[in-house]
Amino acid sequence: MVFKTYRPVQTSISVWLKNSLLTHQTIFLLLMGILVGLSCWLLIWTSRFSDFEIIMRSYYFSSGKLVLLISSIFGAGVAVFGYCIFNVDSPTLLLIHIISNFILIWAFLSVSVCGFLLLLELDIELPGKFTSAITKYYGINMSIRRNKDLTAALNEIQFKFKCCGTHGEKSSNYSWFIYRGSSTWFYITQELGRSQYVELVVFVQL
Numbered sequence: 000m001v002f003k004t005y006r007p008v009q010t011s012i013s014v015w016l017k018n019s020l021l022t023h024q025t026i027f028l029l030l031m032g033i034l035v036g037l038s039c040w041l042l043i044w045t046s047r048f049s050d051f052e053i054i055m056r057s058y059y060f061s062s063g064k065l066v067l068l069i070s071s072i073f074g075a076g077v078a079v080f081g082y083c084i085f086n087v088d089s090p091t092l093l094l095i096h097i098i099s100n101f102i103l104i105w106a107f108l109s110v111s112v113c114g115f116l117l118l119l120e121l122d123i124e125l126p127g128k129f130t131s132a133i134t135k136y137y138g139i140n141m142s143i144r145r146n147k148d149l150t151a152a153l154n155e156i157q158f159k160f161k162c163c164g165t166h167g168e169k170s171s172n173y174s175w176f177i178y179r180g181s182s183t184w185f186y187i188t189q190e191l192g193r194s195q196y197v198e199l200v201v202f203v204q205l
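So the sequence shown is numbered by numbering that gives the first Met the number 0: it starts at 0 and just counts up by one.
The set of hints was computed from the structure by calculation and includes no laboratory data.
Computed from a predicted model, the values in this text were never measured in an experiment.
Using N, Cα and C, we set each Cβ at its ideal position, and we do this for glycine too.
Mixed in with the good hints there might be a few duds.
[As the list claims (entries may be wrong)] Between beta-carbon pairs, the in silico distance windows are:
| id | residue 1 | residue 2 | range |
| --- | --- | --- | --- |
| 1 | 17 | 65 | 34 to 40 Å |
| 2 | 65 | 101 | 16 to 22 Å |
| 3 | 109 | 89 | 15 to 21 Å |
| 4 | 104 | 39 | 33 to 39 Å |
| 5 | 16 | 79 | 19 to 25 Å |
| 6 | 94 | 26 | 20 to 26 Å |
| 7 | 122 | 95 | 36 to 42 Å |
| 8 | 145 | 39 | 41 to 47 Å |
| 9 | 40 | 121 | 15 to 21 Å |
| 10 | 109 | 145 | 24 to 30 Å |
| 11 | 16 | 151 | 22 to 28 Å |
| 12 | 16 | 145 | 54 to 60 Å |
| 13 | 88 | 30 | 23 to 29 Å |
| 14 | 104 | 145 | 34 to 40 Å |
Given these sequences and hints, build the entire structure.
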């Protein structure tokens, strides 16, 4: 006896579900493409802010950008993989696709955590660490790698933003005077108001 095989009858619900999944995969692939472009832009454009990471001694921003780029590329691959297995009756491939989506969820959660920690440090800890960096490490013991990198980073910030130097009055909250009292060195060759940033000059240790 010969048995014939028939294709399963597709109901309206199954057709609607199939079209919905195809739409989801299309939107997901488009979103991953946008995120790949965004992460590449972040890696290139925000490289100038690496100086802040040296001062903060935290690298949530760099790690977050890399995780976002890797997750976006992986997500695009998962979307293409979803298209390939859509009409294949294979529970194994479907399970792999589901596991891949869960990995993506954890990866994007990691990016969110990195971003939250970065914003938290910028909002709460940056002023204190910035002051500590200037008063304790800036221009001091340049044989130490941390002090050398930190001094170079602060100089770069001052040149770019034209701030954070001797500009301001004694009562100014953003003046050099708020640092000089507790610092182990002070700037002696630049007259007050002559320049709005600290240049690369010789410092005297007290």
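To see whether the hints hold, each was checked on the structure:
For the pair residue 17 and residue 65, the supplied restraint of 34 to 40 Å holds, since their beta-carbon distance comes to about 36 Å. The supplied range of 16 to 22 Å is met by residue 65 and residue 101, whose beta-carbon atoms lie about 21 Å from each other. Between residue 109 and residue 89 the beta carbons are some 30 Å apart, a value that contradicts the proposed interval 15 to 21 Å. Residue 104 and residue 39 have their C-beta atoms about 22 Å apart, which leaves the hinted 33 to 39 Å range violated.
About 20 Å separates the C-beta atoms of residue 16 and residue 79, a value consistent with the hinted range of 19 to 25 Å. Taking 20 to 26 Å as the suggested C-beta distance range, the pair residue 94 and residue 26 conforms, at roughly 23 Å. The supplied range of 36 to 42 Å is met by residue 122 and residue 95, whose beta-carbon atoms lie about 41 Å from each other. Taken as a hint, the range 41 to 47 Å is violated for the pair residue 145 and residue 39, whose Cβ atoms sit roughly 30 Å apart.
A C-beta distance of roughly 20 Å is found between residue 40 and residue 121, which places it inside the suggested range of 15 to 21 Å. At about 27 Å, the beta-carbon gap between residue 109 and residue 145 stays in the expected band of 24 to 30 Å. As the Cβ distance of residue 16 to residue 151 is approximately 58 Å, the hint placing it in 22 to 28 Å is violated. Separated by about 58 Å at the C-beta atoms, residue 16 and residue 145 satisfy the suggested range of 54 to 60 Å.
In this structure the supplied range 23 to 29 Å holds for residue 88 paired with residue 30, their Cβ-Cβ distance being about 28 Å. A hinted range of 34 to 40 Å holds for the C-beta pair residue 104 and residue 145, which are about 37 Å apart.
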